[in-house]
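Enquirer: All chains should be modelled from the sequences, with the hints used to inform the complete structure.
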Amino acid sequence: KQEVTQIPAALSVPEGENLVLNCSFTDSAIYNLQWFRQDPGKGLTSLLLIQSSQREQTSGRLNASLDKSSGRSTLYIAASQPGDSATYLCAVRRETGANNLFFGTGTRLTVIP
Amino acid sequence: DVKVTQSSRYLVKRTGEKVFLECVQDMDHENMFWYRQDPGLGLRLIYFSYDVKMKEKGDIPEGYSVSREKKERFSLILESASTNQTSMYLCASNGQIPNTGELFFGEGSRLTVL
Numbered sequence: 578k579q580e581v582t583q584i585p586a587a588l589s590v591p592e593g594e595n596l597v598l599n600c601s602f603t604d605s606a607i608y609n610l611q612w613f614r615q616d617p618g619k620g621l622t623s624l625l626l627i628q629s630s631q632r633e634q635t636s637g638r639l640n641a642s643l644d645k646s647s648g649r650s651t652l653y654i655a656a657s658q659p660g661d662s663a664t665y666l667c668a669v670r671r672e673t674g675a676n677n678l679f680f681g682t683g684t685r686l687t688v689i690p
Numbered sequence: 561d562v563k564v565t566q567s568s569r570y571l572v573k574r575t576g577e578k579v580f581l582e583c584v585q586d587m588d589h590e591n592m593f594w595y596r597q598d599p600g601l602g603l604r605l606i607y608f609s610y611d612v613k614m615k616e617k618g619d620i621p622e623g624y625s626v627s628r629e630k631k632e633r634f635s636l637i638l639e640s641a642s643t644n645q646t647s648m649y650l651c652a653s654n655g656q657i658p659n660t661g662e663l664f665f666g667e668g669s670r671l672t673v674l
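Those sequence lines, one after another, are chains A and B. Start counting the first sequence at 578; every next residue gets the next number (the numbering used here). Start counting the second sequence at 561; every next residue gets the next number (the numbering used here).
Among the clues, some could well be false.
Derived pair list, reagent style DSSO-like, types lysine-lysine, alpha-carbon separation capped at 30 Å [said to hold, decoys possible]:
#  : chain 1 : residue 1 : chain 2 : residue 2
1  : B       : K630      : B       : K578
2  : B       : K563      : B       : K631
3  : B       : K613      : B       : K563
4  : B       : K631      : B       : K573
5  : B       : K573      : B       : K615
6  : B       : K631      : B       : K578
7  : B       : K573      : B       : K613
8  : A       : K578      : B       : K578
9  : B       : K630      : B       : K617
10 : A       : K619      : B       : K563
11 : B       : K630      : B       : K573
12 : B       : K573      : A       : K645
13 : B       : K573      : B       : K563
14 : B       : K631      : B       : K617
15 : A       : K619      : B       : K573
16 : B       : K630      : B       : K615
17 : A       : K578      : B       : K573
18 : B       : K615      : A       : K619
19 : A       : K645      : B       : K631
20 : A       : K619      : B       : K578
21 : B       : K563      : B       : K617
22 : B       : K630      : A       : K645
23 : A       : K645      : A       : K578
24 : B       : K617      : A       : K645
25 : B       : K630      : B       : K563
26 : B       : K631      : B       : K613
27 : B       : K613      : B       : K630
28 : B       : K631      : A       : K619
29 : B       : K615      : A       : K578
30 : B       : K617      : B       : K573
These are computed hints drawn from the structure, not numbers from a lab.
Expert: Take a look at the structure:
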C-alpha cells in the first residue's frame with residue numbers, strides 16, 4: 578500500500594524567508610502528485626499538479642518538484658508572507674486501482690511577520 | 561471557474577437524526593469522493609463513486625451510505641447520527657485516467673452531533 582509522509586509536521590519561519598516542504602512516498606508507480614493548501618476550517622485548495630512524466634511545476638512564488646525514482650517531492654515557497662500560513666498537504670495518485678489516492682498528513686506552516 | 565459545492569457549511573444535529581450532506585460538481589467528473597477529516601487523523605476516505613449509481617467503500621464506511629443518481633451529485637447519508645461522527649466532511653472530484661486527474665475539493669461541511 579502507498580504511504581505518504583510529510584516531515585516536519587509543523588514549521589515556523591520569519592517573513593521573507595524561502596522555505597521547502599517535503600513529501601515522500603513509498604511506491605514510485607504514481608500517475609501524478611498534487612500539492613494542496615488548507616486554511617483552518619476550510620476545504621483543500623489545489624496549488625500545483627505534477628504529472629509522473631514531469632519534473633517540476635511553477636505557479637508564482639511556488640515551485641514543486643518531483644523525483645519519482647527516489648519517492649520524493651518538494652514544494653518551494655519563495656519570499657514567504659504571513660498570508661502563506663496554512664497547512665500544506667501532498668497527495669499521490671497511483672496508476673491503477675479504484676481507490677488510488679493517498680494523502681500525507683500535512684505540514685502546518687506559520688510565517689511570522 | 562471549476563467548482564465543487566457542498567450544500568451546508570455548518571450543521572448541528574441530534575443523536576439518532578438522519579443527516580444528508582450534498583455535493584455537486586460542475587466539471588463533468590466521473591469520480592467523486594467523501595472524506596472526513598479529524599485532528600491528528602488526517603483525511604480518511606468514507607466512500608467514493610466512479611460512475612452514476614456506482615459506489616465503493618473507502619477506509620471507514622461504517623455508519624455511512626451514499627447515493628449517486630446523477631453524475632454531478634454525490635450525497636453522503638448518516639442514517640442515525642452519533643456523536644463520534646462529529647467531524648469535518650470534505651467532498652472531492654476528479655476525472656478518470658488518462659484525464660489530468662487534478663483533484664478538486666469543496667469548502668467542507670462541519671457537522672456537530674449533540
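Enquirer: Are the Cα positions of K617 of chain B and K645 of chain A separated by 30 Å at most?
Expert: The hint holds at about 29 Å.
Enquirer: Is it true that the CA of K630 of chain B sits at most 30 Å from the CA of K563 of chain B?
Expert: Answer holds: K630 of chain B to K563 of chain B is near 16 Å, not above 30 Å.
Enquirer: Given the hinted pair K613 of chain B and K630 of chain B, is their Cα-Cα distance within 30 Å?
Expert: OK: K613 of chain B and K630 of chain B at ~8 Å, within 30 Å.
Enquirer: Given the hint that K631 of chain B pairs with K619 of chain A, test it: the Cα-Cα distance must not exceed 30 Å.
Expert: This hinted pair holds, its Cα atoms lying about 25 Å apart.
Enquirer: Keeping to a limit of 30 Å between CA atoms, is the pair of K631 of chain B and K578 of chain B held or broken?
Expert: The given pair, whose Cα atoms are some 23 Å apart, holds under the 30 Å limit.
Enquirer: Are K619 of chain A and K578 of chain B close enough, with their CA atoms no more than 30 Å apart?
Expert: holds (24 Å)
Enquirer: With the threshold set at 30 Å, check whether the alpha-carbon distance from K631 of chain B to K613 of chain B stays at or below it.
Expert: Given that 30 Å is the threshold and the Cα spacing comes to 9 Å, the pair holds.
Enquirer: For the pair supplied as a hint, K619 of chain A and K573 of chain B, is the alpha-carbon distance within the 30 Å limit?
Expert: Cα-Cα ~20 Å, so holds.
Enquirer: Need the status of pair K563 of chain B, K631 of chain B: alpha-carbon distance at most 30 Å?
Expert: holds (14 Å)
Enquirer: Does K615 of chain B sit within 30 Å of K630 of chain B, going by the straight-line distance between their CA atoms?
Expert: holds (12 Å)
Enquirer: Would you mind confirming whether the straight-line C-alpha gap from K645 of chain A to K578 of chain A stays at or under 30 Å?
Expert: Status holds; Cα separation ~16 Å.
Enquirer: Given the hint that K645 of chain A pairs with K631 of chain B, test it: the Cα-Cα distance must not exceed 30 Å.
Expert: violated (33 Å)
Hints 8, 12, 17, 19 and 22 from the earlier list are contradicted by this structure; the remaining hints agree with it.
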